[in-house]
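Colleague: These are the residues of each chain, in order.
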Amino acid sequence: MINKRPTIRDHSAEANLFARRAFVGFVFVTILIGVLLSNAYKLQVKEHDTYKTRSNDNRIKVIPVAPNRGLIYDRNGVLLAENRPVYNLEVIPEQVDDIAKQLAEVGALLNISVEDQENFLKNIRRKQRFKSRVIKARLNEQEVALFSVNQHKFPGFNIEARLARYYPYGETLTHALGYVAKLNKKELTSLELAGEAKNYRATHDIGKLGIEKFYEKELHGIVGSQRVEVNNRGRVIRTLSVDAPTPGQDLVLTLDIGLQQVAKKALEGMRGAIVVMDPKDGGILALYSNPSYDPNLFVHGISGKNYRALLNPDRPLINRTTQGRYAPASTVKPHLAILGLEEGIITEQTRMWDPGFFQIPNVDHRWRDWQRWGHGHVDVYKAIEESCDTFYYDIAYKTGITKISNFMNKFGFGDLSGIDIHEETTAILPTVAWKKERFKENWWPGDTISVGIGQGYWTATPMQIANAVTIMVNKGEHYQPHLVQVQKQFDEITPMYTEERPPIVLKNHDHWRIALEAMHNTVKKVTGTAHKAFKGANYDPAGKTGTAQIVSIAQGEKYDAEKLDERHRDNAIYTGFAPYDDPRVVVTVVVENQGGGSKIAAPIARQLMDYYFTANPLQKGKN
Amino acid sequence: MVLSRKRTIWQKIHIDVPLMLALLCMMCGSLAIVYSASGQNMDMMLRHGVRMGGAVIALLVFAQIPPITLKRLVIPLYLVGLSMLVAVFFLGITINGAKRWLNLGVTNFQPSEVMKLAVPMMVAWYISQHRMPPKLLNLFIGFVLICVPTFLIKEQPDLGTSLLIASSGLFVLFLAGLSWRLIGGAILLMIPAVYAFWHFGMRAYQKQRVMTLLDPESDPLGAGYHIIQSKIAIGSGGIEGKGWLQGTQSQLEFLPERHTDFIFSVLSEEFGLIGVVLLLSVYLFIIGRGLLIAVRAQDAFSKLLAGALTLTFFVYVFVNIGMVSGLLPVVGVPLPLISYGGTSMVTLMAGFGIIMSIATDKRMLLKS
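Those protein sequences? They're chains A and B, same order as listed. The first sequence maps to residues 698 to 1320 in our numbering. The second sequence maps to residues 135 to 502 in our numbering.
Since the hints were derived computationally from the structure, they do not count as laboratory data. Remember, predicted model here, so these are calculated numbers, not experimental data. We treat Cβ as the ideally placed atom computed from N, Cα and C, and that holds for glycine. You may find that some hints are simply not true.
Here chain A is said to cover these stretches of chain B; the calculated rule only asks that three of the stretch's residues, wherever they fall, bring their Cβ under 8 Å from a Cβ of chain A [what the hints assert, rightly or not]:
(1) 147-153
(2) 174-187
(3) 219-232
(4) 261-273
(5) 359-367
(6) 384-396
(7) 445-459
Just some of the chain A residues that point at chain B, by a computed CB distance under 10 Å [said to hold, decoys possible]:
(8) F715
(9) A719
(10) V721
(11) F725
(12) V732
(13) R751
(14) N755
(15) I757
(16) L1203
(17) N1235
(18) Y1236
(19) D1237
(20) D1262
(21) E1263
(22) R1264
Distance ranges between label pairs, derived from CB positions [unchecked claim]:
(23) A:S938 <-> B:V411: 31 to 39 Å
(24) A:R930 <-> B:S217: 22 to 30 Å
(25) A:R930 <-> B:L271: 53 to 61 Å
(26) A:D707 <-> B:I317: 49 to 57 Å
(27) A:L818 <-> B:L158: 27 to 35 Å
(28) A:V831 <-> B:P326: 54 to 62 Å
(29) B:L379 <-> A:D707: 51 to 59 Å
(30) A:D794 <-> B:P326: 44 to 52 Å
(31) B:D349 <-> A:F725: 22 to 30 Å
(32) A:V831 <-> B:L379: 34 to 42 Å
(33) B:I317 <-> A:V759: 18 to 26 Å
(34) A:D794 <-> B:L225: 27 to 35 Å
The following block holds chain A by itself, in its conformation from the complex:
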C-alpha cells in the first residue's frame, strides 16, 4: 500500500504502528482470558469438592424432629398424661422486613399487648434471626382462623402446631406425676455433661417433678431428623429425607385414678397425705397430698402471680406423702411390740398395770398415758388395740434407743423409701449419734421414752409409715414401693420394679401374728380405737390409729383442742390393711392438725377401702 498524497504524515507507518499495538492488545486480552480460565479451572476442577460441599452445606439443613413423649396411664389404662396439639404463632425474624410494624399489626389482630410485643422485640434482637420464635402460645381456634385468613399480609409469620403435655386430671395427680415445663439453661448444661444434649435438640420441655422427672429418659424417646433443602432465608423448599424419631416409652402406673380421686375428695379442706399400697408387690395405688395445684399451669410457663399464690402457708408445692415429716405416733406400736417380744422384755402373756402414767425409777417426771386414768391391766394385745402408751414407755425404756433405732431402720424408717419420684426425705429416726451431731447433747434415757410412742425426735413420712406396715403385713417380706408398673413401646412391654428386698427375719416368726392379730382387734373389738370408723364394713380390716401431739402438754395439764392454735392441734394418723387373712391393700392416712387418728384419719381410710373393695370386689368364700 502506497500513500501517494504529499503529507508529512506517514500513514503506512502509522497503520503499521497501530497494527502492532492492536496485536499487543490482542495478546494481552488472550493472556487475561487465560487468567480468567485458569481461575475458573482452579475453582471448578481443583477446588470443586470443597465448593460442592459448601454449596450443599448452604442448601441442605438437618432439622431435628422431637420424639413424641411417652404417655402415662393408670393401672386400668386411663390416660393420665397426654400430648395435645397446641397452635403457636411463630415468626422467623430474618424473613420479615419491618418486624416492629408487622408485629403491631398482628398484635392488633390477635390481641397481643404492647408490653408483650416490646418484650418480644427486645428478645429477638439478641438471638439468632434465622430461628423460629414463638410470639403467642396456645392460640384458640378462633385466633387460628383469624390469622389464617390474614396470613398473606404477614410473610414470615406462621402458625405452628406443636404437641404439648396436658394433664387431664389436673391437681389430682400433681405430686405423683409431676409435670414437664420449658427446658432451662441449667438443665441444658447438665444434659450436655451427660452427653444427652444432642437428643434434646428439638425438645422444648423436660420433666421437672415426679414421675415426669424420674422417668425423663424413658419418656423422652430418641430425636429424629429431617434433611431439607432451604433457600437463603431458611425457608424449607422441600424435604429430602426423614429419619423418624423414636417415641418415648409409655408408662403404666400402679395408681388407680378412681382411688386417687376418692383420696382427693376425702382430704378436701385439710392438709394431709394419703398413701395406698398393694402389699403383694409394693405398687402404689394412690398417692395424694393436699393441698395440691394444677400442673398444667407450669407446662406453658407459670405466671408470677399464679406462682406466688402457690407459696402460701399451706405449702401446696410440698409432696406430703414423701416429704412431710410427721411423728409416726402410735402407728409404730405394733413394731415396738414385736421388738419387745423379740428382746424378751415382754411375752404374749405379760400383763402390766397401767396407772395412767410411766415413771423412770427415782425420777419425778411422769410420762402420761393419753387416757388419764390408765388402761388397768394391759397385755400386748390390749396395748395395741387401745393404744396404751404406758406399756410402750416401759418397753422403750427397757430396750434402749440403739436397739429401737436399729430395729425400726429395718422397716425403712430413717431411709428413703426408694419410690420412683425424686421428691423424698429420710425424715428422722433418732440415734445417740444423731442427737450428738444435731444438738451437741447426750442422749438421755428420757428421750427414749417418747420414742416408745413414736414421738419425741422421731419423724417419718407417710410413705415410710405405709411401707413399715406393709412389711409387717407381709410378715417381713419386703417390696420396693413404686408407682410405675410397666413401660410400653409399640407392643413391647417391660415390667418395672418387681424387685423383692431381703426379708426381715424374726427370732420367732409367731411374733408377726401377735402384732397383726392385735391390729385386727383394733378394728374388730368394741374397745379398739378404729372400731367405730370401720363398723359395718363388708370386708375384714385391721389397722392402727395414731394421734401425734404437736406441742407438749405441760405436766398435769389437759389437752384441749379448742384452746390450741389450729397449727398446734394434733395430727391424725391411721394405717391399716384389709382383708385381714389375705391383705390386698394397705392404706395410710395422715391429716394435719385435725385431731385424733380414730376420729379423723380412720374414717378417711375407711372411704378409701370401701371404694377399693367396691371397685375390686372380693371373691366369694375368700372374705
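Starting from the structure of chain A, add chain B where the hints point.
Modeller: Showing chain B alone in chain A's frame:
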C-alpha cells in the same frame, strides 16, 4: 486482498456478519441464563427481550452513521455529555446514595452512558488530527480530555464507570503508539498514586470491598458474603455444571444479584467449566474480530475508535468475571451482553454499531 466490487446485502445495511452472529449468539445465551437466574420469571424475560430489541435497533442505527459523519459529531457529543455531567453534579437526583441521574421528565437518564462513547471518540478524533505516535503535548491534552469526565463520574460516585471510561480513553492513547517508556514510567508513578488514592481518594465502602476481596472469609455474613457465595456457585458447578435451572446457589437465592452483576456465577454453576470456556471463546472471538476491523479501518480515527471500543468491551468482561470469581474487588459492572440490565446494554450495542459502521465503511470496501 481482493474484495468483490459488488456489495452484499449485509454490507449495504452495514452489518459485519461474523460479529453480528457472535453478538446474537450471546444474546440468545443471555435469554436462557436470565430466565434461570430470575427464577423463571417470564415478565423479566419479556422485559429483557424488549431491551435487547432496543439495543439491536441502536446497533443498526449507529451502524448506518458513516465514520465521516461521526467525526463531525464528536465535539458536540463530548460537550453535551460533559455539560450533562456538570448538570448532574448540581441538579442530579440521588438514588441509593449516588448522584448519577438526570431527570428528563419522561425517564431518568445517566449521562455517564453518553461518555462511554463520547470519551473514546473525542480522544480518537483529537489524536488522529496529529501525527502518530503522538507528541507529549497532544498526549497531555488527550489526558485532560479523559480526566475531566472521569473525575466528574468518580465524584457521583461511580468508581466502576469512571475507571472504564478512563480506560477507554487510555486505550486510544495506547493504540496511537504511546511510547513504552511513558507506559513504564506511568506504571512506576502508579505505585505512589495508588497509595495516595487508597488514603485520600477512596470511600470507606470502596476500601471495604478491596479488603473483603483480599480475604472474603474474614466477613462471611457481611461484605464477604457476595464473593463467598459467588465462588461457591462457580466452584460447585464443576466441569459439566449442575444443569440449566438446576443451580442450587442461584435457584435457592444464596447468590446475590443473580440476574445482573453475578450472572457469570449462575452460568458457571449451571453449565460448568464447559460453559465458561464457551463463553470466553465467544468473547475472544468478538474482541479478535473487533481488533481486526480496527486494523483494516481506513483512517486513524476509525482505527483508534474501533480498537478502543473493542478493548474497553474486554475490560467490562474482565472486570466482571474477575470480580465475581474473586480476582478483583466488587465494583458493580455488569457482564456485557449477558447481564439483565437497561441502558448499559444499549450503549454497548451502539458501540458495536459504530464498529460495524467502520467495518462496512464505503471507502474501506472500495480500497483494494
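Colleague: Hint N755 (chain A) vs chain B: min CB-CB distance below 10 Å?
Modeller: 5 Å, holds
Colleague: Does the Cβ-Cβ separation between I317 (chain B) and V759 (chain A) fall within 18 to 26 Å?
Modeller: 57 Å, violated
Colleague: Do at least three Cβ atoms from the segment 174-187 of chain B come closer than 8 Å to Cβ atoms of chain A?
Modeller: violated (count 0)
Colleague: Is the interface hint satisfied for F725 (chain A)? The criterion is a beta-carbon contact with chain B at less than 10 Å.
Modeller: 8 Å, holds
Colleague: Are L1203 (chain A) and chain B close enough, Cβ to Cβ, to be under 10 Å, as the hint says?
Modeller: 76 Å, violated
Colleague: For the range 44 to 52 Å, tell me whether the beta carbons of D794 (chain A) and P326 (chain B) fit it or not.
Modeller: Distance hint for D794 (chain A), P326 (chain B) holds at roughly 46 Å.
Colleague: Is 27 to 35 Å a correct range for the gap between the Cβ atoms of D794 (chain A) and L225 (chain B)?
Modeller: 32 Å, holds
Colleague: Is 51 to 59 Å a correct range for the gap between the Cβ atoms of L379 (chain B) and D707 (chain A)?
Modeller: With Cβ atoms ~58 Å apart, the hint holds.
Colleague: According to a criterion of three or more residues whose C-beta lies within less than 8 Å of a C-beta of chain A, is the segment 147-153 of chain B covered?
Modeller: That given contact is violated, which follows from only 0 residues of the segment 147-153 of chain B lying within Cβ reach (below 8 Å) of chain A.
Colleague: Kindly confirm whether 27 to 35 Å is satisfied by the beta carbon distance between L818 (chain A) and L158 (chain B).
Modeller: 54 Å, violated
Colleague: With chain B as the partner, please determine if Y1236 (chain A) meets the hint condition of a C-beta pair closer than 10 Å.
Modeller: With Cβ-Cβ at 73 Å, over 10 Å, it is violated.
Colleague: Is the shortest C-beta separation between D1237 (chain A) and chain B less than 10 Å?
Modeller: Cβ of D1237 (chain A) sits 77 Å from chain B, so the hint is violated.
Comparing the model with each earlier hint shows violations of hints 1, 2, 3, 16, 17, 18, 19, 20, 21, 22, 24, 26, 27 and 33; every other hint is respected.
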